[in-house]
Amino acid sequence: MFQIGTRGSKLATTQAGHVRDWLIDAGFDSQLHIVTTAGDVNMAPVERIGVGVFTQALREALYAGECDIAVHSFKDLPTAPDERFRLVVPQRQDSREALVARDGLSLAQLPQGARVGTSAPRRISQLAALRPDLEIRPLRGNIDTRMSKVTDGELDAVLLAYAGLLRGGYADRATEIFEPSVFMPAPAQGALAIEAVAGTEAAAALDAIVDDRASAAAAGERAVLARLEAGCTAPVAATSRWDGDQLTVRGGVFALDGSRQLTATASGSAAEAADLGARISDELFAGGAAELLGK
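So for the sequence shown, the numbering used here puts the first residue at 38; every next one is plus one.
Keep in mind the hints are simulated off the structure, nothing from the lab. Hints should not be assumed to be uniformly reliable.
Calculated lysine to aspartate or glutamate pairs in the EDC-like style (CA-CA distance at most 16 Å, straight line) [claimed, not checked]: (1) Lys-186 <-> Asp-140; (2) Lys-47 <-> Asp-181; (3) Lys-186 <-> Glu-172.
Restraint ranges, calculated between C-beta atoms of paired labels, are given here [claimed, not checked]: (4) Asp-294 <-> Ala-117: 27 to 33 Å; (5) Gly-206 <-> Asp-248: 18 to 24 Å; (6) Glu-266 <-> Gly-190: 22 to 28 Å; (7) Thr-188 <-> Ala-327: 21 to 27 Å.
If you're wondering where the values come from, they're calculated on a predicted model, not measured in any experiment. In this text, a Cβ means the ideal position worked out from N, Cα and C, and glycines have one as well.
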C-alpha cells in the first residue's frame with residue numbers, strides 16, 4: 038500500500054485525498070500519511086521563513102522512505118528541479134484568484150480604506166494597482182483561519198486561490214472570482230505536483246494520474262518564474278489557456294506599490310511550453326523586470 042505524504046491541514050489532506058482516490062481507482066491501494074512542516078508551526082510571513090517551507094519537509098520524508106508519494110501545491114515548489122524525484126501533474130483545478138469579502142461585496146464595492154488580507158507580494162502589487170486606497174494587512178494560516186478574519190470582523194476581505202475554496206468545499210464563500218486578465222494568479226496555481234522517488238514502483242504508478250495538458254500549462258507558467266530567477270514569494274504571476282492544441286502563456290511582473298506592471302504573452306504547442314515561458318521572461322527582462330524585482 039502506498040503511503041501518501043501530506044501536510045495536515047484540511048486543504049492539504051483534501052488535495053491528497055483526491056490523489057489517493059485517483060490511485061485507488063487506478064488499482065493502487067493508498068492511504069494518507071501526515072507530515073508536519075516548518076510552515077505549519079511557524080506563523081511568520083513566508084518571505085521570512087523561506088521559499089519551499091511547505092515542501093521541503095515532505096520531500097525529505099519522501100526521500101527517507103517515510104512515505105512513498107508526496108502531494109504539493111505546485112505553486113509552492115522551488116523552481117529548481119530535484120533530480121531525486123519523478124514529478125507529475127494530475128488534472129488541474131481552477132487557477133483563478135477569489136475574493137472573500139463581508140456582506141457579499143466585490144472588490145469595486147469595498148469601501149474606501151477597506152482592510153484586505155494577503156501576504157503575497159504578487160497579490161499586494163496587483164491590489165495596489167486596482168485599489169490603491171485599500172489597507173493591506175498580512176495574512177497567514179489555513180483557509181479556515183484566513184476566512185475567519187472576515188467573519189470575525191478583523192478584515193473586510195481576504196484574497197485566496199479559488200482552487201483552495203473549490204477543493205475545500207467553500208466555493209460559495211467567494212464573493213468575486215477574478216478573470217486572469219484582471220488579476221493574474223501565481224504560476225501553476227490550481228495545479229498539484231505529485232512526487233515519488235525516481236525509479237520506484239510508486240514513481241511508475243504515477244503514470245495513471247498524469248494530465249498532459251495540465252503538465253504543459255504548468256511547465257510554461259513556471260518557466261516564467263524560473264527564468265526570472267524569482268521565488269514563489271516574488272511579485273511574478275503567470276496564466277495560460279488552450280485554444281485547440283495551441284497553448285498561450287501570459288506572464289507578469291509588478292511593482293509592489295502598484296505603480297508599474299509588465300506583461301508578455303507567447304503561444305505554441307505543448308512541446309514548446311517551457312520555451313514559451315522563457316520567451317516571456319526575456320521580453321519582461323527587456324521591459325525592465327530586473328528593476329521591478331530588485332535585481
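Results of checking the hints against the structure:
With a C-alpha separation of about 14 Å, the suggested pair Lys-186 and Asp-140 falls inside the 16 Å cut-off, and the hint holds. Among the hinted pairs, Lys-47 with Asp-181 is consistent with the structure: their alpha-carbon atoms are about 9 Å apart, no more than 16 Å. Between Lys-186 and Glu-172, the direct Cα distance comes to roughly 14 Å. Compliance with the 16 Å bound is thereby established for this hinted pair. Taking 27 to 33 Å as the suggested C-beta distance range, the pair Asp-294 and Ala-117 conforms, at roughly 29 Å.
The beta-carbon spacing between Gly-206 and Asp-248, approximately 22 Å, falls within the hinted interval of 18 to 24 Å. Our hint of 22 to 28 Å for Glu-266 and Gly-190 is violated, since their Cβ atoms are close to 41 Å apart. Between Thr-188 and Ala-327 the Cβ separation comes to about 41 Å, which falls outside the hinted range of 21 to 27 Å.
In this structure, the earlier hints numbered 6 and 7 are contradicted, and the remaining ones agree with it.
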